[in-house]
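2 protein chains.
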Amino acid sequence: MNLQEKTISTKKIFDGRIISVQVDEVELPNGKTSTRELVKHPGAVAVIAVTDEGKIVLVEQYRKPLEKEIVEIPAGKLEKGENPEVCAKRELEEETGYGCDSIELVSSFYTSPGFADEIIHIYVAKGLKKLEDAAGLDEDEFVNLMEVTLEEALEFIKNQRIYDAKTIYAIQYLQLALGRTK
Amino acid sequence: MNLQEKTISTKKIFDGRIISVQVDEVELPNGKTSTRELVKHPGAVAVIAVTDEGKIVLVEQYRKPLEKEIVEIPAGKLEKGENPEVCAKRELEEETGYGCDSIELVSSFYTSPGFADEIIHIYVAKGLKKLEDAAGLDEDEFVNLMEVTLEEALEFIKNQRIYDAKTIYAIQYLQLALGRTK
Chain C
1 MNLQEKTIST
11 KKIFDGRIIS
21 VQVDEVELPN
31 GKTSTRELVK
41 HPGAVAVIAV
51 TDEGKIVLVE
61 QYRKPLEKEI
71 VEIPAGKLEK
81 GENPEVCAKR
91 ELEEETGYGC
101 DSIELVSSFY
111 TSPGFADEII
121 HIYVAKGLKK
131 LEDAAGLDED
141 EFVNLMEVTL
151 EEALEFIKNQ
161 RIYDAKTIYA
171 IQYLQLALGR
181 TK
Chain X
1 MNLQEKTIST
11 KKIFDGRIIS
21 VQVDEVELPN
31 GKTSTRELVK
41 HPGAVAVIAV
51 TDEGKIVLVE
61 QYRKPLEKEI
71 VEIPAGKLEK
81 GENPEVCAKR
91 ELEEETGYGC
101 DSIELVSSFY
111 TSPGFADEII
121 HIYVAKGLKK
131 LEDAAGLDED
141 EFVNLMEVTL
151 EEALEFIKNQ
161 RIYDAKTIYA
171 IQYLQLALGR
181 TK
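So the sequence lines, in the order shown, correspond to chains C and X.
For the record, in the first sequence the residue sitting at position 171 is 171 according to this note's numbering, with numbers rising by one throughout.
For the record, in the second sequence the residue sitting at position 138 is 138 according to this note's numbering, with numbers rising by one throughout.
The shape of chain C in the complex, shown without the other chains (with noise of 0.2 Å):
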């Protein structure tokens, strides 16, 4: 079956600093219409980075849109143009103080597909360094720093302190590299 949608016409909603929304309105595959709302966003990329003691380089945030704290991978938002792998580098220096000596894409998946564009392109880093004169945080981010065991952030995920998407991918990742099944 012909799945595709067609757009009959498109009304901007809102044009933020982050995410823009609009609505769609589309002519679905049996002809009638309907409409979607969509949040465009510029992307995304995270760092799974083990350091050679075998301990996983967490960041502990405050996201607004949960009201809490929550443990994640290294992560951030693609500036316009950036290259999604010196934006890996990047964000990796700024949240966590650490280098590396190579950084390898893993996988690139969206969020959240319904409504969102928003891609995530997620990376290994090998041979973790801290940097003497790591770039800083942007002035509105603010992170707690942590490094744990695979074990750890297995428990981390059970008490839902590790509660999102990228995270969980990235744990369970580690989990299949290192040939530890359930």
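Keep in mind the hints are simulated off the structure, nothing from the lab.
No residue lacks a Cβ here, since even glycine has one placed at the ideal position from N, Cα and C.
Under 8 Å between C-beta atoms, here's a sample of chain C residues computed to sit facing chain X:
no. : residue
1   : 4
2   : 14
3   : 26
4   : 35
5   : 36
6   : 63
7   : 64
8   : 66
9   : 69
10  : 111
11  : 118
12  : 144
13  : 168
Okay, the calculated beta carbon distance ranges per label pair:
no. : chain 1 : residue 1 : chain 2 : residue 2 : range
14  : X       : 86        : C       : 177       : 30 to 40 Å
15  : X       : 135       : C       : 52        : 51 to 61 Å
16  : C       : 11        : X       : 129       : 35 to 45 Å
Capping the alpha-carbon separation at 30 Å, the derived lysine-lysine pairs in DSSO-like fashion look like this:
no. : chain 1 : residue 1 : chain 2 : residue 2
17  : C       : 77        : X       : 64
18  : X       : 68        : X       : 80
19  : C       : 64        : X       : 64
20  : X       : 77        : C       : 68
21  : C       : 80        : X       : 12
22  : X       : 129       : X       : 55
23  : C       : 77        : X       : 11
24  : X       : 55        : X       : 68
25  : C       : 12        : X       : 64
26  : C       : 64        : C       : 89
27  : C       : 12        : X       : 80
28  : X       : 77        : X       : 129
29  : X       : 40        : X       : 80
30  : C       : 80        : X       : 6
31  : X       : 80        : X       : 130
Using the hints provided, position chain X relative to the given structure of chain C.
Below, chain X alone, put in the same frame as chain C:
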């Protein structure tokens, strides 16, 4: 470090059929102010469903925010006040025609904690059986039903037909459950 951001004021931007959007002015941990753009979403469920023949049940769907079709595990939005487990069974039936003997929560996570409060509850359905009188799709929903092996699903991830967080989580979950590591 205390990371909390206090709400100074809230400006409602949009109140749609599915999402609403607001901009909060916040007081940061250092006493300065900033703004946060927030999308409110009713939450969603998704279902990992494997047939007696070991095939994973998937649906192909046009996603307007991405302007393309992707292949996902069956999923849907929570209706107001709806129990997530009831919703999971309903969405499985509507999108795939399958009923199940039992359904169990395996994880819940926020999809985009930086700008949205959407949470998705992931269930595993056991004892699938085709229903003769299955409930149908919503009038603006069109999907192609697919049943694939784990190997085919991994191939779909590689060629970006599977491209969203919850479905990639589900495939990792099945790899771990089956003890198949990288």
